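**Q** Construct all of the structure, not just a fragment, from the sequences and the given hints.
Residue numbers (numbering that gives the first Met the number 0), protein chains in the order written: chain A, 0 to 437; chain B, 0 to 437.
One thing to keep in mind: the hints can contain errors.
What the hints assert, rightly or not - Straight line, CA to CA, 20 Å or less: simulated SDA-like cross-link-like pairs of lysine to any residue:
#1 Lys164(A) / Thr198(B)
#2 Lys164(B) / Pro257(A)
#3 Lys234(B) / Asn84(B)
#4 Lys164(A) / Gln251(B)
#5 Lys192(A) / Ser157(B)
#6 Lys164(B) / Asp193(A)
#7 Lys192(B) / Asp296(A)
#8 Lys192(A) / Ala437(A)
#9 Lys234(A) / His8(A)
Stated by the list, open to error - Chain A residues, not near chain B, derived (Cβ > 12 Å throughout):
#10 Arg290
#11 Met325
#12 Ala327
Claimed, not checked - Chain A stretches covered by chain B per the calculated footprint, using a threshold of three residues with CB under 8 Å from any CB of chain B:
#13 165 to 176
#14 184 to 191
#15 194 to 203
#16 246 to 253
#17 256 to 262
#18 298 to 310
#19 361 to 374
Calculated from the structure, these hints are not laboratory results.
Treat the numbers as computed from the prediction; the structure is a model and nothing was measured.
Glycine included, C-beta positions come from ideal geometry on N, C-alpha and C.
2 protein chains.
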Amino acid sequence: MTRTLDHTHDPAAVSWVESARRPNGDFPIQNLPFGVFQRRGRGEAARIGVAIGDEIVDLSRAIGQGLLAGVDQEVQAAGSSRSLNAVMALGRDAARQLRHRLFALLEQGAPDQQAATGCLVPAETVDLLLPVDVGDYTDFYASIHHATNIGTMFRPESPLLPNYKFVPIGYHGRASSLVVGGTAVRRPMGQIKDDQAPTPVFGPTRALDYECEIGAYIASGNALGTEIRLADAEKHLFGISLLNDWSARDIQRWEYQPLGPFLAKNFATSVSAWVVTTDALAPFRVPAFDRPSGDPDPLPYLFSEANQRGGGIDVSVEVWLSTARMRAENVAAVRLSRSSLATMYWTTAQLITHHASNGCNLRPGDLLGSGTISGPSRDARGCLQELVGRAGESINLPTGEQRRFLMDGDEVTLRGACERAGTVRIGLGECRGLVLPA
Amino acid sequence: MTRTLDHTHDPAAVSWVESARRPNGDFPIQNLPFGVFQRRGRGEAARIGVAIGDEIVDLSRAIGQGLLAGVDQEVQAAGSSRSLNAVMALGRDAARQLRHRLFALLEQGAPDQQAATGCLVPAETVDLLLPVDVGDYTDFYASIHHATNIGTMFRPESPLLPNYKFVPIGYHGRASSLVVGGTAVRRPMGQIKDDQAPTPVFGPTRALDYECEIGAYIASGNALGTEIRLADAEKHLFGISLLNDWSARDIQRWEYQPLGPFLAKNFATSVSAWVVTTDALAPFRVPAFDRPSGDPDPLPYLFSEANQRGGGIDVSVEVWLSTARMRAENVAAVRLSRSSLATMYWTTAQLITHHASNGCNLRPGDLLGSGTISGPSRDARGCLQELVGRAGESINLPTGEQRRFLMDGDEVTLRGACERAGTVRIGLGECRGLVLPA
Chain A
0 MTRTLDHTHD PAAVSWVESA RRPNGDFPIQ NLPFGVFQRR GRGEAARIGV AIGDEIVDLS
60 RAIGQGLLAG VDQEVQAAGS SRSLNAVMAL GRDAARQLRH RLFALLEQGA PDQQAATGCL
120 VPAETVDLLL PVDVGDYTDF YASIHHATNI GTMFRPESPL LPNYKFVPIG YHGRASSLVV
180 GGTAVRRPMG QIKDDQAPTP VFGPTRALDY ECEIGAYIAS GNALGTEIRL ADAEKHLFGI
240 SLLNDWSARD IQRWEYQPLG PFLAKNFATS VSAWVVTTDA LAPFRVPAFD RPSGDPDPLP
300 YLFSEANQRG GGIDVSVEVW LSTARMRAEN VAAVRLSRSS LATMYWTTAQ LITHHASNGC
360 NLRPGDLLGS GTISGPSRDA RGCLQELVGR AGESINLPTG EQRRFLMDGD EVTLRGACER
420 AGTVRIGLGE CRGLVLPA
Chain B
0 MTRTLDHTHD PAAVSWVESA RRPNGDFPIQ NLPFGVFQRR GRGEAARIGV AIGDEIVDLS
60 RAIGQGLLAG VDQEVQAAGS SRSLNAVMAL GRDAARQLRH RLFALLEQGA PDQQAATGCL
120 VPAETVDLLL PVDVGDYTDF YASIHHATNI GTMFRPESPL LPNYKFVPIG YHGRASSLVV
180 GGTAVRRPMG QIKDDQAPTP VFGPTRALDY ECEIGAYIAS GNALGTEIRL ADAEKHLFGI
240 SLLNDWSARD IQRWEYQPLG PFLAKNFATS VSAWVVTTDA LAPFRVPAFD RPSGDPDPLP
300 YLFSEANQRG GGIDVSVEVW LSTARMRAEN VAAVRLSRSS LATMYWTTAQ LITHHASNGC
360 NLRPGDLLGS GTISGPSRDA RGCLQELVGR AGESINLPTG EQRRFLMDGD EVTLRGACER
420 AGTVRIGLGE CRGLVLPA
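**A** Below you can see the structure in the form of structure tokens.
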């Protein structure tokens with residue numbers, strides 16, 4: 000879809016911020032993701048920041064000092080607020096104006112370098128906050144590999160339900176329990192029924208899992224009763240972040256029929272602090288999933304040549320696990336999986352169009368989870384349930400520990416990045432969560 | 000649970016507002032429900048109102064004139080805001096203070112009658128708005144009669160799933176598409192697959208339905224990671240209103256596996272404008288559902304003697320239908336069903352406790368739908384799908400028209416009220432919705 004490249008995508012461009020020139024860093028000048036931060040111990044209000052290397056541009060300070068001259072006044076006002084919603088509400092153009100102006104400020108040789116330096120805050124001195132006040136959070140199920148792996152466990156005879164290749168399956172999640180990466184997550188209690196037991200018991204989940212996803216934030220919304228055509232869908236996509244859809248599999252198994260997951264999921268969902276804009280992702284657009292012959296075409300409202308050609312985004316995501324014992328013994332975290340959003344059966348644009356196809360109104364800052372991102376290979380399975388299956392396999396850790404599901408003290412870290420020959424790596428940062436006891 | 004009666008429940012009390020003395024009115028002085036209104040054509044901001052007969056007390060005006068002296072300052076500040084959230088956040092005591100003070104102002108013989116008269120606005124001159132900024136909307140499935148009727152259609156061999164008598168089944172709905180009663184609802188488009196057809200088509204739903212429910216609003220919330228014990232649950236219940244969970248049955252049938260209803264529901268959910276407080280409902284408390292012998296007891300976290308004794312609320316709800324032709328021919332609306340919240344398998348307190356049992360945080364103003372309220376008899380079935388079954392029965396209307404599902408131009412009106420010998424009727428008002436073409 001939106002693949003137009005401009006000077007902000009030039010791989011030769013570098014910033015005068017030295018840490019932004021580190022090879023394989025997450026936040027080079029070509030990225031400029033948005034977040035919300037608060038300096039520690041100063042009692043200051045939260046404010047919008049833009050990541051550059053190991054620094055954060057204090058956006059309201061930069062605006063206050065007149066460094067964003069040329070950017071529309073309403074965009075400057077929105078950029079001085081306490082969450083990204085106001086910027087998102089102004090649409091993708093607002094983010095583009097800010098990104099372009101910040102690029103000019105931060106590029107090597109920028110005339111305003113000295114003034115801009117005064118607006119930098121070292122990332123290590125701040126707390127990163129939930130960047131968006133999410134009105135509604137929807138979680139999809141867009142990986143056919145994930146759906147097939149999970150379906151095989153529950154319905155070996157028909158892993159993939161008949162609707163899967165027609166309907167971008169999704170459900171509403173919980174907005175109140177969204178937390179920013181770094182927030183510890185308490186093991187939930189819930190009803191659990193063993194297959195053999197006649198009745199359920201109420202207790203801490205014994206099957207705590209993560210799900211590695213990408214979250215997509217809505218820029219401008221649509222009015223109730225109106226659709227978003229596929230050709231317009233990406234105009235409504237502000238950007239993406241990492242998302243961990245924590246799941247209690249035993250609670251889920253017992254509660255989810257007939258209305259879907261509820262308490263198995265809504266105790267916490269973690270999102271990473273930085274929202275990488277759709278513009279920054281432009282060099283990493285790839286074709287939509289290549290449907291094998293025999294698969295139906297998407298229905299017309301979900302089909303366009305442009306989406307087929309470039310609706311995918313090649314973001315790779317990784318899951319890393321560290322146990323309390325591993326940390327005590329200075330054993331490095333281990334990578335459990337690596338997969339890519341490009342392998343999803345539905346593109347993000349298709350998710351947006353489907354969501355609004357019945358007239359449902361999306362609002363600025365609404366969050367759409369991709370669903371667990373699993374690829375075709377075993378090491379691309381984005382949750383423990385898929386990795387260990389139902390047969391009782393375990394994951395062996397370097398300490399001799401084993402895991403089927405998460406134990407108290409385990410820390411799960413998601414990482415994500417776009418990498419492609421001839422481009423500069425664009426990182427999503429990380430999304431970390433430590434499991435606390437029930 | 001909370002059954003303490005005080006002078007505000009005295010059936011002999013009357014207001015000096017004449018229309019509040021009308022027998023069988025919805026809004027006598029014993030009710031005093033909260034809402035948000037805007038006077039038509041004046042360009043004024045929305046403000047909180049309290050219904051009394053055919054009038055509305057302009058709460059911020061009353062507060063501005065010092066008529067709520069004695070009410071805590073923070074409650075007065077919250078009462079002057081533009082939605083009920085701030086009042087809700089202060090907990091049930093805040094609503095009680097306001098209700099008691101307003102009762103004193105509006106009671107016959109009140110010394111401040113003249114000043115209070117200046118704060119009354121005729122209901123017919125205002126637009127009623129969505130009373131609450133709902134953060135998260137959850138819909139339950141608490142009627143065993145509804146679950147059994149629906150289950151029989153989909154799974155005649157096992158209508159009720161094994162979890163039903165243990166788990167208060169619920170799922171997350173859409174907050175953005177909540178609309179206040181009176182708002183017309185557009186027939187949604189969606190994927191529909193006939194049983195015989197090999198593939199779905201995208202088009203207007205042919206099976207538009209209503210669901211007659213009660214919505215419960217949360218007062219003060221709970222912090223993420225903490226529970227709400229059953230003994231405390233009603234402290235978190237601000238009050239109730241009517242709720243119409245519009246549903247497209249054909250879209251639902253095709254999309255709902257495995258993650259539950261999504262586009263079949265999220266195109267619109269209507270709530271009535273007035274929120275009747277938990278205090279006003281005190282005279283209408285009844286025992287929880289009388290589980291037949293053989294049914295399991297609720298698990299301990301969902302069981303208390305107090306809840307068994309008085310956790311139910313005897314609110315009757317009715318569904319009325321009027322077609323375009325009926326209105327053109329001056330034929331009165333027909334009542335399709337009448338049922339009571341008292342027949343639900345789970346009490347509202349149990350829904351609240353279950354919702355937070357995994358540490359999920361509820362926030363002030365969150366909305367919990369009861370699920371379709373159906374009773375054991377045929378004329379107590381709270382949605383068309385139950386009334387017409389799958390066998391192809393139709394509803395015959397006085398004009399000779401027939402209905403299996405809603406047609407364009409149909410208007411559905413929910414009504415609700417508490418009535419009991421020796422008490423004054425407490426009405427919920429109505430929740431109206433006209434179906435517009437796709």
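**Q** For each hint, tell me whether it holds in the structure or not.
**A** For each hint, the structure was consulted:
1. Lys164(A) / Thr198(B): 10 Å, holds
2. Lys164(B) / Pro257(A): Answer holds: Lys164(B) to Pro257(A) is near 13 Å, not above 20 Å.
3. Lys234(B) / Asn84(B): 16 Å, holds
4. Lys164(A) / Gln251(B): 16 Å, holds
5. Lys192(A) / Ser157(B): Answer holds: Lys192(A) to Ser157(B) is near 19 Å, not above 20 Å.
6. Lys164(B) / Asp193(A): Since the Cα atoms of Lys164(B) and Asp193(A) sit roughly 16 Å apart, the hinted pair holds (cutoff 20 Å).
7. Lys192(B) / Asp296(A): 16 Å, holds
8. Lys192(A) / Ala437(A): With Cα atoms ~18 Å apart, Lys192(A) and Ala437(A) stay inside 20 Å; holds.
9. Lys234(A) / His8(A): 19 Å, holds
10. Arg290: Arg290(A) clear of chain B: closest Cβ-Cβ about 14 Å, beyond 12 Å.
11. Met325: Holds: least Cβ distance 25 Å, greater than 12 Å.
12. Ala327: 25 Å, holds
13. 165 to 176: holds (count 11)
14. 184 to 191: This one holds; 5 residues, not fewer than the three required, reach chain B with a Cβ under 8 Å.
15. 194 to 203: holds (count 4)
16. 246 to 253: Satisfied; 3 residues make the cut.
17. 256 to 262: It holds: at least three residues are needed, and the segment 256 to 262 of chain A offers 7 whose Cβ sits within less than 8 Å of chain B.
18. 298 to 310: holds (count 3)
19. 361 to 374: Coverage by chain B holds here, the residue count being 3 at a Cβ distance below 8 Å.
Going down the numbered hints, you'll see the structure goes against none, and every one checks out.
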